[in-house]
Amino acid sequence: MAVKRRPLAGKILLHLGLVPFLVFALFPFYHMAMTSLKTDREMYDRAAVPLLIRQGPTLEHYQKLIWETGFLTWTWNSLLVTVLATTVSVAIGTVAAYALARLKFFGVGTFGTGIFVTYLVPTSLLFLPLAQVVNWIGLADSKWALVVTYPTFLVPFCTWLLMGYFRTVPKEVEECAMVDGATRVQALTRIVLPIAVPGLVCAVLFAFTLSWNEFIYALTFTSSSDQITASVGVTGELIRGDIYFWGGLMAGAMLASVPIVLLYVFFLDYYVSGLTAGAVK
Amino acid sequence: MDRPTRREFATTTLAGLAGILAAGVPPARGQQREISYLCWNNFAPASDKKLAEIGQRFAKDTGIKIKIDHINAEQQAAKYASEVQVQGGHDLVEMRMHFPWLYEPQLVDVSDLVGELEKKYGKTLSSAEETAKVKGVWRAVPQYHTFFVACYREDLFKKAGLKIPDTWEDLYTVGKELKKMGHPVGIPISQNYDTISTAGPVLWSLGGMEVDKDGKTVRINGPATEQMLEWYRKVYRDCMEPEVLSWDNAANNNSLNAGKAGWIHNPVSAYIVARNRKMVTADGINHHKSLAGPKGRHETDVPRHIGIWKFSKNVEPAKEWIRYLLGKKDVLDEYIMSGDAFNLPVYGNLQDHPVLKTDPKFAALRQEGVQFHCYGWPAPPSDKVQRITNEWVLPNMIAKAVTGTSNKDAMAWAEKEMKRIMAG
Amino acid sequence: MAVGDLRVGAAVPRPGLRFRELLDHERFLGPAFVTPALLLIGLLVAYPFCMALYMALSNAYIGRPSHFVGLQNFVALWESDAFRQTFQNGFVFTGAAVACKLVLGIALALLLNQQLWFKRLIRGAVLLPWVIPTALSTLGWWWMFNSLYSVVNWTGIALGLMDPPGPNWLGQKYHAMAAVVTVNVWRGLPFFAITILAGLVSIPKELYEAAEADGAGAVSRFWHVTLPLLKPVLAIVVLFSTIFTFSDFNIVYILTHGGPINSTHLFATLARQIGFESGQLGQGAAISLYLFPVLVFVVWIQLKFVRRQAY
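Chains as they are written, first to last, in our numbering: chain A, 1 to 281; chain B, 282 to 705; chain C, 706 to 1016.
Quick caveat, the hints were computed from the structure, so don't treat them as lab data.
The structure presented is a predicted model; accordingly, all values stated were derived computationally and were not measured.
Treat the hints loosely; a few may be bogus.
What the hints assert, rightly or not - Stretches of chain A that chain B covers, calculated by requiring three or more beta carbons in the stretch to come under 8 Å of a beta carbon on chain B:
#1 32-46
#2 133-144
Said to hold, decoys possible - Derived lysine-lysine pairs resembling DSSO-like cross-links, with alpha carbons at most 27 Å apart:
#3 K461(B) / K64(A)
#4 K64(A) / K439(B)
#5 K689(B) / K404(B)
#6 K610(B) / K348(B)
#7 K576(B) / K594(B)
#8 K440(B) / K414(B)
#9 K910(C) / K11(A)
#10 K461(B) / K440(B)
#11 K331(B) / K497(B)
#12 K697(B) / K681(B)
#13 K414(B) / K559(B)
#14 K439(B) / K331(B)
#15 K331(B) / K610(B)
#16 K610(B) / K638(B)
#17 K494(B) / K638(B)
#18 K1009(C) / K681(B)
#19 K824(C) / K515(B)
#20 K11(A) / K824(C)
#21 K697(B) / K910(C)
#22 K515(B) / K689(B)
#23 K1009(C) / K104(A)
#24 K414(B) / K600(B)
#25 K697(B) / K64(A)
#26 K878(C) / K541(B)
#27 K64(A) / K497(B)
Each residue gets a CB set at the ideal place from its N, CA and C atoms; glycine is no exception.
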């Protein structure tokens, strides 16, 4: 029957229309994965087909990466910096967001605008003078410099995100609790936070992702091989002079993305809602 | 047994104090001294492992603990600058090429150490002396060097019956045939160090220079430069392909190893990578001695030295490390052997090193009769001369010439740029 | 106000209780909660920003004392080929990238707004490039554009679209710019698509039905219903993207390092090369500060717009 066939054809066309976008989005990952499993001989053979592995896959790039470079150290650095920076930022952001969303005090409007503006100040504007500040406080070439400086862009984002979530918690619930004798702080911790858990999860996820992905501060404030983070290590130390260890570069890129991919797979909906929170709320 | 008299006690104490004050250092507590060494990420990863091993043996033999940190070559300049700014960091630092000139006021005078080493191993190569000896004083101790050499496809040469070139003119003759065979010459003409590393020797072999020995006079606008530009024009036209205008530092390696280029000018890294990755071309690659011109056989060199920061509180133990690593011949030999011919000895009597025998393709790396220099020779490597290198004046001039600008205009442009930089 | 002042249930005032009363007082609690963030921003954002201003007006060099030199750095920058090229690059890169992301983002959002099979999977796949660390995913693109082994060239030659050996993407002026714009679009498209999708979802279906009843076709519905109602979301997304694209660092640094011959240098990468790698902090800071006017413009428009939205 004509009526039934048309919607189906339309649907197939729709999905076909998505194919170029999907290929565009996913092909680089496929290619990176393939290359990281190829033998050197096939990788550098101009006559070989780059899209497939024909001469047998190998784990040697991953093995060399893990055992013969500082990759484990770099990943540990990234993890340490990210976890600490995230914790600090979400804590500071939560209390600041609550104050801005609920409390009235001198300067609340200005401060709200200030937070928003700070979020927009690019890290590439501040990295040079911040490098000097970091030297002065004695944290030159140290991952602790990152723990101290990452909150500068994580806190504004978390505050802003959480403000939106806190605003959705009905005021009446808190006021009820306070009438019953709870202090503001208790209202925050026992009433508001449990309701705003999705917002908190979102904030933690984004803080973790932004921190793990950060590059320019890590590149500038750390340089010794035992202090650098995963991104800086993979992009810098697998190139020695004019020798590029492409297999290792691809393997490193894949492995160093694993924590983010894991979080992403389990918390996809939170990522989506967090992305749209700032724009639409 | 007897308790010391008050006078004896006072004298001993005063003597001890005087001794300590004279030495200028607080007494070592229980002999546990610790020093730190910031080293680059060696091209040969095995060399870094060997260095760590030697460090542990050093700690056992001398009681001085050494912490060896590594850093990428590109990060070195910024890292050193920040250590100088903070006046703290490591005790020993690896100083590459002209760095001793850049950091001269911050480096300890190590003439005594170099004197010891030269007595043992003979004089250092000219390139090491030009870069580590600043205004008559040794500011860093030369340890090894990497240099450029001619890398070619021996199998293709044999098949076509081509003669191995000895001069840059010979290369043009041979290059024409190579291009006809589909294996062109691969010399980059773009903004990277490989370009300067070839342009330098060509210019020097014709008697030319960028800035004179006095470190002030710009000499690029002259007959030798014109001859160099003529040579590049004909080689670009008849021996190479236009892609060399967009090459980076790794492109010539890749071209040779992938089987395209028939002749490149590069350190031994190209061959070693091909061999280690078991590439098809590896067996066919070999090296031959650097090329000569009417005014001699010159080659680009990358010497590496070890310096000690003046702000270090452990200058004497740091010197002990240098004596251990470089002064003991067996340790130095071990260290060089681990480098797979990337890092070769830089002292006169060590030039015939056993590492050259570990692979027949390393034989030509002996490079007798070749004069080694760093970028900017013969001008002393001040920071202005280095800016000429880092702002790519030479590559840009050559690129202009081979793509249509007249020699006169190209040289005038280069002279103007260099004069601007020298004026500050 | 009154709630904070009520001391319900407290019988005897004790010393410890006084502090807790204070904590209940909004006027005290508010600033207290906000202080950590304020300190952080003051010390590590506002102060370095002022330092950047001072450095740009001085001849600061790493490891040497600095002196005030007025606008000398800015003048010297304008006389430098590299900077003039960078200035142009910034606008070309941002303009091209944001335009592509906008158009493709709307298209993709429209597609995603339909009834789809595997909707969650597709959305997840589309968002992936945005989530993965840019520095690492750019490595993949670097290999894809490699002069000898580029899979882009291989595919182009296999499909007959290119002559062997295909262009050297990262070694030629215009190709390099096209390459960095492509990677930026690849990375930024999910942000546009997902955000615009959220905007699309919030448009009431009744409006479409009414328009259809009036005889409007699909294109007309898009033009007269969808776009006007999307304008707020589009404005926000474009403005955010503008500041982040203009100040981008990772992609250019890893893919081309600013080359060939400065044709892909952006303000951020040039600032790092001159300020950090060459040590000329004063000039480097001056270059970074060129990001500031764009930031001001974006913030001003956002605030004007956001305020309009709120009232």
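Structure versus earlier hints, numbers of those that do not hold, lowest first: As far as the earlier hints go, 3, 4, 5, 7, 8, 11, 13, 14, 17, 18, 19, 21, 25, 27 are violated by this structure, in ascending order.
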